[in-house]
Amino acid sequence: MSVFGGLHIANSGLFANQKALEIISKNIANANTVGYSRQQVLLTPAAYDMGVEISSVIQVREEYLDSQYRSELCRLGEWRTRTEAFNMIEDFFKEPSEQGLNHAIGVFFNSIQELSKNPESMEIRTQALQNALTLTDSFHYIYDKLIELQDNQNSRIESAVSEINKLATEIVELNKEIKRYEIRGDQKENDLRDLRNNVIDKLSELINITVGENPDGTVSVRIGDEYLVDSETANRIETVLDSPNMVDGENMLYSVRWADSGELVEITSGKVKGFLDIRDGCGITEIYNPKFYGIPFFVNEINLLAKTLIGAINDIHRNGYTIPNDSNGNTSETGLAFFVPEDIENAASAKNISVSQYIIRNVYNIATSDEPVDMYNQGNNVIIKQIADLRDKKDIMITIGGVTTTIGSFEGYTNKIASELAVVSDGCQTRFESQEIITRNVENKRLSVSGVSIDEEMTNMIKFQNAYVASARVITSINTMLEALLNI
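For the sequence shown, counting from 1, position 362 maps to 363 in this note's numbering; every step adds exactly one.
I should point out that these hints are in silico values taken from the structure, not numbers from a laboratory.
Every value quoted in this text rests on a predicted model; they were computed, and no experiment measured them.
Glycine residues also receive a C-beta, built at the ideal position from the N, C-alpha and C atoms.
Don't take every hint at face value.
[Claimed, not checked] Within a straight-line C-alpha distance of at most 27 Å, the following computed DSS-like cross-link-like pairs (lysine-lysine) qualify:
1. K177 x K203
2. K146 x K95
3. K27 x K177
4. K446 x K203
5. K203 x K189
6. K417 x K386
[Stated by the list, open to error] Pairwise CB distance ranges (calculated):
7. E85 x K203: 16 to 24 Å
8. I463 x E233: 41 to 49 Å
9. S420 x M89: 15 to 23 Å
10. D316 x E85: 39 to 47 Å
11. S262 x T405: 40 to 48 Å
12. N488 x V35: 58 to 66 Å
13. T405 x G36: 55 to 63 Å
14. A485 x E64: 50 to 58 Å
Please work from the sequences and hints to get the whole structure.
Put into structure tokens, the structure is as follows:
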């Protein structure tokens with residue numbers, strides 16, 4: 002080997018080790034940068050064994066761990082969404098507390114019990130009316146808050162779809178940039194790849210995706226069997242207001258469809274799946290959301306309770322007689338309802354349960370006697386006592402559409418609803434916490450591969466510094482030899 006060949010070999014060592022030190026410095030500087038993947042210089046022998054050369058600067062990543070992390074992150078987004086929603090639903094029901102529906106039912110029946118002891122008392126009648134109004138307000142509050150939350154979930158689906166389209170567009174733009182830089186095939190554009198991986202991570206939390214890298218450095222992203230991103234093309238998804246509401250009488254909701262074909266998007270997990278389950282889950286049918294306990298289920302439960310309460314009390318109250326008063330021509334009327342729908346065009350439910358306007362106008366229209374009341378007959382407490390006895394009845398039933406449902410007792414059924422809510426909410430919380438641990442463990446595994454270890458980088462820095470110094474000393478030695486030769 003000639004002297005100048007030795008210089009060439011030593012010089013290649015200088016440049017190679019200098020580049021390696023630059024990459025190490027970059028790694029250390031980005032040790033706390035979210036989404037940064039550790040980079041590594043690959044050195045290979047130069048042609049004809051004339052020193053060393055840099056073959057490439059690679060990202061240290063493991064595709065399997067990326068895929069597993071995104072899968073777990075998708076499930077985490079789904080269970081986080083469900084847990085947050087059920088925490089809000091529990092706040093609406095406020096059970097057990099003095100602001101809850103069960104307390105309102107108990108207070109109402111307490112006042113009815115007091116009225117059965119003194120049916121002529123206007124003061125007690127007024128108290129019974131006020132407690133009845135409070136009870137209807139409790140039904141209205143829970144129903145309205147549940148529908149408000151359903152509307153919120155529906156709006157969040159629309160926002161999530163917009164975010165998905167935005168992220169898909171970002172991936173396409175990054176695909177184009179990466180392809181342009183890597184078209185020569187000699188180096189990877191690692192920084193842009195980090196940006197793209199971060200975008201894909203964000204996307205995976207929203208909806209179930211499958212990611213594959215193409216030979217030209219671009220990636221394709223599928224939802225189900227359809228491409229959301231096909232290399233340099235983004236296929237949009239959209240929300241369409243055509244999905245029937247699982248709550249009777251409420252507005253249509255969004256479905257999520259492919260913009261070009263109009264087909265439903267196959268959504269199996271992610272935040273969007275969580276929004277859909279909370280919004281549509283009725284806990285009974287397999288349509289839309291198989292047996293998930295979402296808002297429609299709990300709306301149906303309080304509707305059933307409200308209808309049963311109305312039916313049971315009205316069946317008894319219509320057999321009673323009112324005390325003659327100015328609002329009814331001073332006659333003792335019968336056949337009056339205690340509770341009625343606010344909207345007479347719709348069947349009674351938690352949404353529209355109301356106290357009869359006859360009773361609101363005059364509390365003497367609360368029927369307490371099973372015989373007419375006049376100046377010769379002051380009536381009795383038979384009817385109002387029968388209503389009061391409903392509180393302790395354990396076998397109350399209701400038939401709707403030919404289907405008979407056993408309620409049991411009113412307060413017992415309210416406790417059943419609260420218990421169902423607690424079980425579902427606790428289950429969501431447990432799944433969320435478990436999924437959080439799983440996701441964190443997978444993330445730690447991924448970071449152990451692609452994350453920056455300061456200790457490891459410092460070790461590599463010492464190695465490449467010594468290699469750099471060794472190359473410099475070879476050049477110095479050759480220089481000394483050449484000077485000695487020239488002096489001769």
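Right, here's what the structure says about each hint:
| no. | hint | in the structure |
| --- | --- | --- |
| 1 | K177 x K203 | 19 Å, holds |
| 2 | K146 x K95 | 12 Å, holds |
| 3 | K27 x K177 | 25 Å, holds |
| 4 | K446 x K203 | 19 Å, holds |
| 5 | K203 x K189 | 23 Å, holds |
| 6 | K417 x K386 | 26 Å, holds |
| 7 | E85 x K203: 16 to 24 Å | 18 Å, holds |
| 8 | I463 x E233: 41 to 49 Å | 44 Å, holds |
| 9 | S420 x M89: 15 to 23 Å | 18 Å, holds |
| 10 | D316 x E85: 39 to 47 Å | 41 Å, holds |
| 11 | S262 x T405: 40 to 48 Å | 45 Å, holds |
| 12 | N488 x V35: 58 to 66 Å | 60 Å, holds |
| 13 | T405 x G36: 55 to 63 Å | 58 Å, holds |
| 14 | A485 x E64: 50 to 58 Å | 56 Å, holds |
Consistency note: the structure conflicts with none of the earlier hints.
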